[in-house]
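Asker: Read top to bottom, the protein sequences are chains Z and G.
1 is the number of the first residue of the first sequence in my numbering; add one for each residue after it.
1001 is the number of the first residue of the second sequence in my numbering; add one for each residue after it.
Everything labelled a hint here was simulated from the structure, so no lab data went into it.
Virtual Cβ for every residue (Gly too), placed ideally from N, Cα, C.
Keep in mind that a hint or two might mislead.
Said to hold, decoys possible - Cβ-Cβ distance ranges computed for the label pairs, FRET-style:
#: 1; chain 1: Z; residue 1: Thr259; chain 2: G; residue 2: Asp1207; range: 50 to 56 angstroms
#: 2; chain 1: Z; residue 1: Gly170; chain 2: G; residue 2: Leu1319; range: 18 to 24 angstroms
#: 3; chain 1: G; residue 1: Thr1508; chain 2: Z; residue 2: Arg288; range: 50 to 56 angstroms
#: 4; chain 1: Z; residue 1: Thr41; chain 2: G; residue 2: Gly1457; range: 58 to 64 angstroms
#: 5; chain 1: G; residue 1: Glu1083; chain 2: Z; residue 2: Arg321; range: 52 to 58 angstroms
#: 6; chain 1: Z; residue 1: Arg321; chain 2: G; residue 2: Gly1527; range: 48 to 54 angstroms
#: 7; chain 1: G; residue 1: Asp1570; chain 2: Z; residue 2: Phe236; range: 24 to 30 angstroms
#: 8; chain 1: G; residue 1: Asp1182; chain 2: Z; residue 2: Ser38; range: 46 to 52 angstroms
#: 9; chain 1: Z; residue 1: Pro597; chain 2: G; residue 2: Ile1210; range: 26 to 32 angstroms
#: 10; chain 1: G; residue 1: Gly1236; chain 2: Z; residue 2: Pro60; range: 35 to 41 angstroms
#: 11; chain 1: G; residue 1: Glu1153; chain 2: Z; residue 2: Thr259; range: 25 to 31 angstroms
#: 12; chain 1: G; residue 1: Gln1387; chain 2: Z; residue 2: Phe236; range: 48 to 54 angstroms
#: 13; chain 1: G; residue 1: Leu1319; chain 2: Z; residue 2: Glu196; range: 39 to 45 angstroms
Here is how the chains run, residue by residue.
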Amino acid sequence: MPTRGRRISGALLIALAGAALTVTPLPAASAQDRANVSTRTIGLSGESRNIDLLTLSSSPDDADSRPALLVVAGIDATHVTGTRVARHLAERLVSEHADLLNDYTVYIVPLVNPDAASRAAQRPIGSYDLRLTPKPVDHDRDRRMNEDGPNDLNGDGVITQMRIRNPAPGSGLVASHVEHEDDARLMRPADRSKGEVPVFAIMTEGLDDDNDGSVAEDPEGGIDLSRHFPYLWDEFDAVTGDYPLEDPGARALADWMLTRPNLVAVLAYSPHDTLSSIPADGKYDDTRRVPLGIESDDKRAYEQVSEAFVEATGLEKAEGRSNEGSFHGWSYAHLGLYSFSTPLWSVPDSDSDDTEAPAPATDNAGEAEDAETPAGPTMAEIQEMIRIYESGSAEEQEELMKEFNAMPAETQARIMAIASGQPDPQADAAAPEAPASSPRKRSSDINASWIAYADERGEGFVDWETFDHPQFGEVEVGGFVPGFRLNAPPDQIEAIADAQTKFIASLLGMFPAIEVGEPTVKSLGSGVYEVAMRISNTGALPSRPAISEKTRRWPPILIRPQIDDDLVLVGDPIERIDRLEPGQQVDLVWTVRSSQPTLDITITIPESGERSVSIDLSEGN
Amino acid sequence: MHRLITAALISSAAICSTPSLTLAQAHTESKVDIAFNRYYSFEQLVDFMYAFEREYPDLVTTEVIGKSQEGRDMVLVTINNPETGADTDKPAMWIDGSIHANEIQASEVCLYTIWYLTKSYGSNEMLTEIMDRTAFYILPVVNPDSRVYWFEEPSTPNSSRANKRPIDSDRDGLYDEDPPNDLDGDGSITAMWMQEPGGRWRRNERDPRIFERVGPDEEGGWTYLGSEGTDLDGDGRINEDGPGGDDMNRNWPGGWQPNYVQRGAGEYALQNPETKSIADFILSRPNIAAAQSYHNTGGMILRGPGSPTRADMYPRADLAVYDELARTGEEMIPYYRYLIIYEDLYTVHGGFVNWTAETLGIVSFTNELWTTEKYFQRDVRRPNDEQQWLWRDKLAFGDLFTDYTEYDHPEYGTVLIGGPNKWSARSTPTFMLEEECHRNFAFTTYHASEMAELRFGETRVEKLDGDLWSVTFEIRNDRVIPTRTAQAANRGIGQPDVLMVAGAEVITSGTVGSWRDKQINRANPAGQDQSRLLNNRGIGGKDATMFRVVVGAPAGTELEVSYSAEKARDISTTITLED
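Pulled out of the complex, with its shape left as it was, chain Z reads as follows (with noise of 0.2 angstroms):
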């Protein structure tokens, strides 16, 4: 039956989680793989945490000058899972796939709102205060400023809902949900069209502070950054920024991403989705020019990615927010870059089979459990640190933090799992089971198949218990744990970054390789020679997506005769290629007067920089 008290790992995820982001990743790998690896700081958030860019490439002086894939997470900080797995990414990367580090860099920004993650420890956890920046915002515009933040009315640690049964007329409360037919703890919007009555009124945990009839309007923060790029952004919204890119830490990846013409694909971990199931395609914003999903041009490439996707992670859906304000939908659509998003992890599909482990997000879920679980603390460690965790002194925790990040991920999803509630998985290696009583219920309602979920893993929702509110009498408070329908569970983390690890491999696998051919010259008497050159996309991608011929932000790949323009004869002294097709072969041909014995023809491709090659002219007589 459902969960009670102290099952709350969603929110202990987060905390644990979020705390563990400020520390370099790469615990497990080799000093040999670790020389593959830079980070440095590409600016500071608004309170001054760094904003760290991973560097992956064999080559730390090339890796500008290689084509390049960059892939963000933490820009919703309670999105935890994105951190986490790309953290485990470098590590993955670097020592199983050095190989491609030759040819390809990959960027990896972990967290870009450390400021939102530094405060996961503190509690009562909250849905939405942690996805915010600390900067001050009047959200109820009552000229109070953060005074009606959600409050932990029944002390269990977390922000969930409050239900009223039938409010008493006058009390300002307005019913509005009825309980859903096949499940009374999940809530449903009456149908009005049908003479339903509703029954509940429905709200954040926690009290009208200001006694202005509202609960928990005006928390503290902030800024969502996954509502704060220029795309489409919301310039009448409490939550998205006085204006795009006020933020400091979002504005310092924005501005290094303008100055790295080797990138090639931007791929987000966020709660948006563009690879399960690729954006609608031709539809447009009001001004009938910027694509409100991706140019119809670009629908092919972006099947191709997401088949690719599907095969690597099995995350055949996955639930996405709206993209306005998004970063990948700015890298895109403004920037002219291929960029992915996805939520890594959905609700599994309580539909299949009832005795499979819960659903495992990948072919490789498998692997992970089976594998041999390292020596680690005792039970009774662990239940010290939680025990500290929970009730210690703020250098007690820190310290405790500072112990959890230094040690390997196995362990701290072992300590995670204990911590909220489940069985030790090193004493019992095999998946917990499904509550023999859980209820299986058919219904196309997400929160359905989220509650039988939770009724698997015996977390991720409070049970509705009554609660005398001071303000509104008789209360229920109970619902999904902040985070839960979110975060993948802790000792998935390393499957999901496998299949990532894979999907990633496949993805720069499919990138636009730039051929330059082996120029050629005829002679054509008098000191008159034609001189032609072949260039030709073998990847599996087109050099650059369809947007990029709106957007025109990069470079096109330049070709310049080194010869005074005065001697081209026939062709441009300068030949601009803007968009290769896969397969597409492009002859530029000059007639030029030389009495040199060689030609020079320079050649600067944006995502690999320049390189020249030396005809001999002699050669076409």
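Please arrange chain G on chain Z, whose structure you already have, making use of the hints.
Answerer: Frame of chain Z; chain G shown alone:
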């Protein structure tokens, strides 16, 4: 050093002011003597701003709000009398100029505004009254780098509009490597002409300075080669990658669109140090209620929206405000017309006044200074070539023109270079500059004077029963601009006004439509604080809102009532509970 010399000149000028002038006509000297029949460099403008601060320390403060792309100071002048309150406690008017740096007289109008206001404080009753209840934030040069460039480097009337953020205009991987060049050394970029068979232009028989197109069957003999310059980067093209930059009047966050929708927009809104510094300042001053951004040219008083998709951001109540102000402006500035940017001009995404008006709820105009109609001050909308030459020869005595000279061009051979110079269009002729400054200053000061000013109107106290009282009072705004625009109220911009009642227990409270109304439109439900009322709609222009509170207190109790609005001075009063 330069600043010291200017300061010395200024103070000696002040000493030399002659009493005989005063005898002839009452005349107010400024302690900072400035002639408004000429234009000033960026450095001179900055020196003047510091001189105003020195000479009028009780009224003027300067502040460097940021640095330009090339590191120049963005100097802002605040005009406020602190004895009547801090600038942040008063409604304030924002005034700027030269975001498009070639539109030079915009800065002189700002300078004139500082000059006229400071010297008038204490000597002119109307202006003193306006300055006592408002504040002015004046940024004469939004785009310092390009103003310096326009004055010091070869330019045309139209060049150096953008800022100097380097942009690879010809997409060859190099930045700003092939600008126009002043080949004849006259300080301007003029035109290049070449004589060749098949040329489609000829020289006018009576006045060979005039080139005119020939008909399809005629032989012209002259070809227009574009503006003055050479092919510096050897790509076969001339002047194709000049200095900078972004059109900073497309770089603001209100309805900003990327470059492929809006040319010159920049990579993202407020990417430029100039625009970001200004935005951060304006966002820190929610008391700014009015804005003017001077441009040239065309003789226009422009309001938004810049784009038809944002027409709904000017609700009817706000349009009445814009109309009243601008129609008065049309009377004050002859040949200026009140127009709507997207309808009458062209579509602009991310314009400054669009951001201030639509995103921030500030009543904003852009005046396009100078119009060719003012050349002859008759019904000549667009003077023809001959009229223009009459002007250049007979009124400007040839100063607006560089004679054609032969030049041996590296790409074209022998060419003719010359023509109207950078002063020949857009900038107000210097002998008419003072009038242009004054009329626009007067309009903008009128705009400022119409920012909301609140007072308590009539009050009625009625004894209901024992210690129960009903108190009804008006809060009036006698000015045209409301405390909150309808756009601000509709979109939740800024913070609502708030009414506070203290001194007695407030049992219920709200607004009434008239004295006769018996029932209160209650603001807050029972059980909530009745002594603090948020008023999102604000107090309208030339309007009043009537509040009623029911309080329980013995007779003789003094009720303290205060009203606070972001874009007006706070007011408070005491009402005694008595029959």
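Asker: Compare the structure with each hint and give your call.
Answerer: Evaluated hints:
Separation of threonine 259/Z from aspartate 1207/G is about 53 angstroms and conforms to the stated range, judged on CB atoms against 50 to 56 angstroms. Between glycine 170/Z and leucine 1319/G the C-beta distance comes to about 40 angstroms, which lies outside the given range of 18 to 24 angstroms. A C-beta distance of roughly 52 angstroms is found between threonine 1508/G and arginine 288/Z, which places it inside the suggested range of 50 to 56 angstroms. Our hint of 58 to 64 angstroms for threonine 41/Z and glycine 1457/G holds, since their Cβ atoms are close to 59 angstroms apart.
Between glutamate 1083/G and arginine 321/Z the CB atoms are about 53 angstroms apart, so this pair conforms to the stated range of 52 to 58 angstroms. For arginine 321/Z paired with glycine 1527/G, a C-beta distance near 36 angstroms fails the hint of 48 to 54 angstroms. One distance hint, 24 to 30 angstroms for the beta-carbon pair aspartate 1570/G and phenylalanine 236/Z, holds here, with the actual separation near 26 angstroms. The beta-carbon spacing between aspartate 1182/G and serine 38/Z, approximately 47 angstroms, falls within the hinted interval of 46 to 52 angstroms.
Checked against the hint of 26 to 32 angstroms, the pair proline 597/Z and isoleucine 1210/G fails, with Cβ atoms roughly 53 angstroms apart. The given range of 35 to 41 angstroms is respected by glycine 1236/G and proline 60/Z, whose C-beta atoms sit roughly 39 angstroms from each other. Between glutamate 1153/G and threonine 259/Z the C-beta distance comes to about 27 angstroms, which sits within the given range of 25 to 31 angstroms. At about 49 angstroms, the CB distance of glutamine 1387/G to phenylalanine 236/Z agrees with the hint of 48 to 54 angstroms.
At about 43 angstroms, the beta-carbon gap between leucine 1319/G and glutamate 196/Z stays in the expected band of 39 to 45 angstroms.
Against the hints set out earlier in the document, violations occur for numbers 2, 6 and 9.
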